[in-house]
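Each chain, written out:
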Amino acid sequence: MHLVVCIKQVPDTKNVRIDPDTHTLVRQGVESIINPFDLFAVEAALKIKDEKGARVTVITMGPPQASESLRDTLGLGADDAVLLSDRAFAGSDTWATSTTLAAAIRKMGDVDIVLCGKQAVDGDTAQVGPEMAALLDIPYATFVKKLELPQSGFLKAVRQTDEGTEIWKIPLPALLTVIKEIGEPRMPSLRHKMRAKKAEIPVWGAVDLGLDPEFTGLCGSFTQVVRVFSPPRRSNRIQIKGTVEDQAEQLFQYLKNAKVPGL
Amino acid sequence: MKATIDRKKCTVCGVCSDACPMGAISLQENQVEISDDCSLCGICVDTCEFGAISIPEVGKGPAEDLQSYRGVWVYAESREGIVHKVGHELLSAGRVLADRRGVELGAVLLGAGIDDGIAEELISYGADVVYIVDSPELAHFTDERYSKCIVELVRRKRPEILLAGATSMGRSFIPRVAASLGTGLTADCTELDISEEGLLLQTRPAFGGNVMATIICPNQRPQMATVRPKVMKPVKRQGHNGHIERVELPAECFEARVEVLEVIAEKDQTAKLTEADVIISGGRGLRKGENFKLIEELAQLVGGAVGASRGAVEEEWIAPSHQVGQTGRTVAPTLYMAVGISGAIQHLVGMQGSQVIVAVNKDPHAPIFDVATYGVVADLFEFMPAFVKRIKRERGGEA
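Residue numbers (this note's numbering), protein chains in the order written: chain G, 1 to 263; chain L, 1 to 399.
One or more hints might be untrue.
Unchecked claim - Simulated pairs of lysine-lysine, BS3-like, Cα-Cα distance not exceeding 25 Å:
1) G:Lys241 with L:Lys389
2) L:Lys272 with G:Lys259
3) G:Lys259 with L:Lys2
4) G:Lys256 with L:Lys288
5) G:Lys156 with L:Lys267
6) G:Lys241 with L:Lys267
7) L:Lys85 with G:Lys259
8) L:Lys236 with G:Lys241
9) G:Lys49 with G:Lys197
10) L:Lys389 with L:Lys288
11) G:Lys145 with G:Lys47
12) G:Lys145 with L:Lys362
13) L:Lys85 with G:Lys256
14) G:Lys256 with L:Lys293
15) L:Lys293 with L:Lys392
16) L:Lys362 with L:Lys288
17) L:Lys272 with L:Lys293
18) G:Lys256 with L:Lys392
19) G:Lys259 with L:Lys236
20) L:Lys362 with G:Lys146
21) L:Lys85 with L:Lys236
22) L:Lys362 with G:Lys256
23) L:Lys233 with G:Lys256
24) L:Lys267 with G:Lys145
25) G:Lys146 with G:Lys52
26) G:Lys52 with G:Lys193
27) L:Lys272 with L:Lys288
28) L:Lys267 with G:Lys256
29) L:Lys389 with L:Lys362
30) L:Lys293 with G:Lys146
31) L:Lys288 with G:Lys259
32) G:Lys169 with G:Lys156
33) L:Lys267 with G:Lys169
Hints were generated in silico from the structure; no laboratory data involved.
Based on the provided sequences and hints, a complete structural model is requested.
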């Protein structure tokens, strides 16, 4: 069985903040990390590998330095990694990203399960997984929290929805996007780390994927950012002071005036 | 490709360099350089007060006859004959867009055994026409069937705009609709507007809510967006007239490779975070699991849901389905009350869209107070019982 995990290198948003005076993004000390949801996807793949035996390939689309994230996943136990990198990929929206990732998966040919995190924490779109599945014309399930392979050729996925949970039976090949409950990522092992250090990570560009650069990156995107601005600031920040009884009274009045339901 | 700088306008002030999340802009001796790290995100463009930075436009592609697409559509999500509130919210927002364009507002209902009554309800929120696809195959949601039905409807009727709620259902299958139609999609919008030329201006938070971005889809139709629930206001339009059109679709629209084995509704009402008007959330400040009863008691009193920080979930004080934040749920209730939560950025991105935020914390410097509408610096073990008592007193008075 061949499993492909799609990951994304993202800025560590916990260090991103807005300068209160200039209203611009302060990136000082912002490091790149693997999107946390994608680590759950890697873990899901490695669990299948542990239980059933499988080859796990991790791919990402990004600048050359994104290969470091791929190397980290080899340290966790993934077998292979491929970097999709080309200046022609810059500025991709979710459609162009899906096109590029789908082309790589098609090139590999023998993929049984594609795993993605439910969304990336920088863009928060949750669109690339489903769009990729549509382009590959394979079935998919989003927000998967539990995964079983009870019989060959099928998988059973437990999805978390806004209303509860759903259990789906899906024929392979299939694509899944996973959430935290699928399992906390393991720690890298020394053995895998040693191998990861020496591993060759191939780089595929537009030509390797058989993609016309005119249809990748910003050129191949359908959506465009036309304006970026700071979110409006909350104007009425009120500190409620006094004894706890005073505080309770004031908060109660404020919330009642704000017509909060239930109060 | 990367951002370009008009050297005649650039004053080498360095503001763009500080703003670039990729670290791709550097200040050389007397000019600004943009490296290949540029991801064309466009953040720098707005920071430049001299208008010196521009990014190239998206590919023109074979711009189809865009004018042949007319009308604004809303996918009205429903389960078991009940329309999700976000459908009413989007029709109200869609009504404004349709009026500005002078076009029809359509609603789409998919399901099994759909009653005309719920379509009438959509008309009362401004729909001019409600398209119903009714089939036993649509009883349970599957991405394949639901997307194939909408794709077929769009191909037949050619609306210029298609909106859906950014719910777990919308965010799951709408991307498949967009990819099948070969058009752009913007996720989780919080604001919609329309330009003179009919371009949908889709505004959404990015970089964990640290910036807002306005996005357009210039050359493909329909222009598609999912919109966050509870952001748009539902407006009833008494006396608004519309008609219902039941549409027959070919059998292949109802084929699916996925089989739904079981649908289990969440029994724990307090875990229904995305629907709740009020969420009371607890964090590490509660010190132990049993103290969550302070949170639960208040939530029950006001009919709200119970949320939790990552810390509280990691301590196993409460189930992961209650977690709010980056790796949990994104919520935007009328009232979000954070109790004993310090407010790590991962938590803030999941709740800062809430209308009213109350923070209760002992530490006056806790970052949660930066986003709180009302800050209560207090020992939660003293404050919470006092607050509950105050509400109960009011209730007693009413009785």
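Against the structure, the hints come out as follows:
{"no.": "1", "hint": "G:Lys241 with L:Lys389", "verdict": "holds, 18 Å"}
{"no.": "2", "hint": "L:Lys272 with G:Lys259", "verdict": "holds, 21 Å"}
{"no.": "3", "hint": "G:Lys259 with L:Lys2", "verdict": "violated, 49 Å"}
{"no.": "4", "hint": "G:Lys256 with L:Lys288", "verdict": "violated, 31 Å"}
{"no.": "5", "hint": "G:Lys156 with L:Lys267", "verdict": "holds, 22 Å"}
{"no.": "6", "hint": "G:Lys241 with L:Lys267", "verdict": "violated, 39 Å"}
{"no.": "7", "hint": "L:Lys85 with G:Lys259", "verdict": "holds, 19 Å"}
{"no.": "8", "hint": "L:Lys236 with G:Lys241", "verdict": "violated, 40 Å"}
{"no.": "9", "hint": "G:Lys49 with G:Lys197", "verdict": "holds, 21 Å"}
{"no.": "10", "hint": "L:Lys389 with L:Lys288", "verdict": "holds, 22 Å"}
{"no.": "11", "hint": "G:Lys145 with G:Lys47", "verdict": "holds, 13 Å"}
{"no.": "12", "hint": "G:Lys145 with L:Lys362", "verdict": "violated, 35 Å"}
{"no.": "13", "hint": "L:Lys85 with G:Lys256", "verdict": "holds, 24 Å"}
{"no.": "14", "hint": "G:Lys256 with L:Lys293", "verdict": "holds, 23 Å"}
{"no.": "15", "hint": "L:Lys293 with L:Lys392", "verdict": "holds, 16 Å"}
{"no.": "16", "hint": "L:Lys362 with L:Lys288", "verdict": "holds, 16 Å"}
{"no.": "17", "hint": "L:Lys272 with L:Lys293", "verdict": "holds, 17 Å"}
{"no.": "18", "hint": "G:Lys256 with L:Lys392", "verdict": "holds, 14 Å"}
{"no.": "19", "hint": "G:Lys259 with L:Lys236", "verdict": "holds, 20 Å"}
{"no.": "20", "hint": "L:Lys362 with G:Lys146", "verdict": "violated, 38 Å"}
{"no.": "21", "hint": "L:Lys85 with L:Lys236", "verdict": "holds, 12 Å"}
{"no.": "22", "hint": "L:Lys362 with G:Lys256", "verdict": "holds, 24 Å"}
{"no.": "23", "hint": "L:Lys233 with G:Lys256", "verdict": "holds, 20 Å"}
{"no.": "24", "hint": "L:Lys267 with G:Lys145", "verdict": "holds, 18 Å"}
{"no.": "25", "hint": "G:Lys146 with G:Lys52", "verdict": "holds, 16 Å"}
{"no.": "26", "hint": "G:Lys52 with G:Lys193", "verdict": "holds, 23 Å"}
{"no.": "27", "hint": "L:Lys272 with L:Lys288", "verdict": "holds, 23 Å"}
{"no.": "28", "hint": "L:Lys267 with G:Lys256", "verdict": "violated, 29 Å"}
{"no.": "29", "hint": "L:Lys389 with L:Lys362", "verdict": "holds, 20 Å"}
{"no.": "30", "hint": "L:Lys293 with G:Lys146", "verdict": "violated, 29 Å"}
{"no.": "31", "hint": "L:Lys288 with G:Lys259", "verdict": "violated, 32 Å"}
{"no.": "32", "hint": "G:Lys169 with G:Lys156", "verdict": "holds, 5 Å"}
{"no.": "33", "hint": "L:Lys267 with G:Lys169", "verdict": "holds, 23 Å"}
Checked against the numbered hints given earlier, this structure breaks hints 3, 4, 6, 8, 12, 20, 28, 30 and 31; the rest are met.
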